[in-house]
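Those protein sequence lines, which keep their order, are chains A and B. Quick note: the first sequence, position 88, residue 88 per this note's numbering, numbers continuous. To convert a position in the second sequence, counted from 1, into this note's numbering, add 1000.
Hints are computed from structural coordinates only; laboratory data are not their basis. Treat the numbers as computed from the prediction; the structure is a model and nothing was measured. Idealized CB from N, CA, C, for every residue including glycine.
Restricting the straight-line Cα-Cα distance to at most 30 angstroms, the calculated cross-link-like pairs of lysine-lysine (DSSO-like) are:
id, chain 1, residue 1, chain 2, residue 2
1, B, Lys-1141, A, Lys-70
2, A, Lys-11, B, Lys-1114
3, B, Lys-1118, A, Lys-11
4, B, Lys-1008, B, Lys-1021
5, A, Lys-11, B, Lys-1141
6, B, Lys-1008, B, Lys-1023
Cβ-to-Cβ under 7 angstroms is the rule here; a few derived chain A residues that face chain B:
id, residue
7, Gly-17
8, Leu-18
9, Leu-21
10, Ile-25
11, Leu-27
12, Met-118
13, Thr-142
14, Asn-173
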Amino acid sequence: MRSDQAPLSLKIAAIGGLLFLHLPILLIFLYAFTTEERTYAFPPPGLTLHWFSVAWNRPDIWEALALSVKVATAATALAMVLGTLISAAMAQARFFGREQISLLIILPIALPGVITGMSLRSAFGLMDIPFSTLTIILGHATFCIVIVYNNAVARFRRLSGGVLEASADLGANAFQTFRYILLPNLGTALLAGGMLAFALSFDEVIVTTFTAGQQSTLPIWMLEELIRPRQRPVTNVVAMVVFAATFFPILLAYYLTRNGSETAGSGK
Amino acid sequence: MSAVLPAKSLADRLTTLFWRKPKLLLALLITPPLLWLGVIYLGSLAALLLQSFYSIDEFSGMVVPEFTLKTYAELLRPQNYDIILRTLIMSATVTLGSVILAFPIAYYAARYAKGRWKAVFYLGIMLPLWSSYLVKVYAWKLILAKEGILTWAATQTHTNFLLDAALALPGIGGNSLSTSYIGMFLVFTYVWLPFMILPMQASLERVPTSMLEASQDLGATRAQTFRTVIIPLALPGIIAGSIFTFSLTMGDYIIPQIVGNSANFIGMAVYQLQGTAGNTPLAAAFAVIPIVIMLIYLSLAKRAGAFDAL
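Make a model of the complete structure from these sequences and hints.
The structure is reproduced here in structure tokens:
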């Protein structure tokens, strides 16, 4: 039948669109190997592995990386606890103010990051809280909650209340039900949510610039290099690392949830 | 006969309590996250609002913590007003560009992609959506540079004149793509495109094939079907996507800093005013603009049924 076949122009436009989304990222990989140090000349005059060893020996990069991992881990852990709690509450009951709460959860990600960042900064300023690793984590956890929430609440909805009642009828107490019934069922959704939250926190830059003070996370280090370039090829190598650090968690999150009705990631 | 029941543990007693008072369990579950979001997030938003009603002493440069509308009045100064207007025009153009680029991808993925191709499209949209924002912006800096791949490609294909003509356009052109509004528009559109594709695809997936067939049977041409059946049904998804592209462009301050001719945007103004200038009240007042615009936008979108497409 005719309507089952896509018109050629549509096919070309769609595949062209996908290429448009992906080719720019591939270019970063090429530039990480270039021998040209001062400009972004294309094609690269030669290829070298030199910049990887230069990047490896730079203590400032390692410091930024360590801070990024620390922040992302802490923010993810906090967001997983808070996100699971709130999704459990939202899934199980209808109550007064439910709509308002769901708006409150998505607000940190619906409003532009500059507002979240500026708000946190003015609050820290009014209360004389000095900037530290803690203030970065505070900001990141706030917008990571919604990611975990989105993944967990979809799974909760699919989980029938019957299994929980059956568990209670068979004599399990609330904690046993949580440990043996709820957790195994939620497991992959939570893990996927955690992965995405980690990826989001790891490469967050807008809120971080407002809450970081003098410290730099890896994205902030990159931003400084972008504004005042020192060694461009080293930045290329770091860009590759940042890309990989977010790429694999996302891919993993997809494979963890792809058989469900709710594939992870559609709700950024 | 006396049944030997094990002594009730604390966990058992708590279970009974939760069973009798489900509201208690709910309160226990919801209090920590609500406290977090309520205190940290809403508290911060309130702090922002509060600061925007303060003003700065012109002589000492200190913030005067007294209620005044003076700071908001400053937004109407020509240079500040220009910033707001420029940001809104850029946001609208980027939204329009995203709609045009997103449509074929969303439509193909929703209607024609099957099996493995469906997965390819899904990952193909999801990966750029989630992958590092800064890396994507950086990649475009490489592409748009004067010595970069685009100039190279134009030279190879002898289409330099097109590039030069685009750069010679008054107002939006510039020295090179990376210092022009055209370049900035391209980067914004690239970075936010997946946010437009996803809701659009979701709404297109809900367009029943039978309606398209009916339209065809009734003698409509492809263009007519597109205009009178597909577009109206996909509109909620398009509006939902536009919420993201508009809001994200309006608040961004990294892209105008890295690409473009260093003209000021709302996000940049907020960042610079609170940082180097130390004028937190004016920065706060600037940050309130996107909030107000987004609230209006969201209420209009809600009326158009865009939230069902999310």
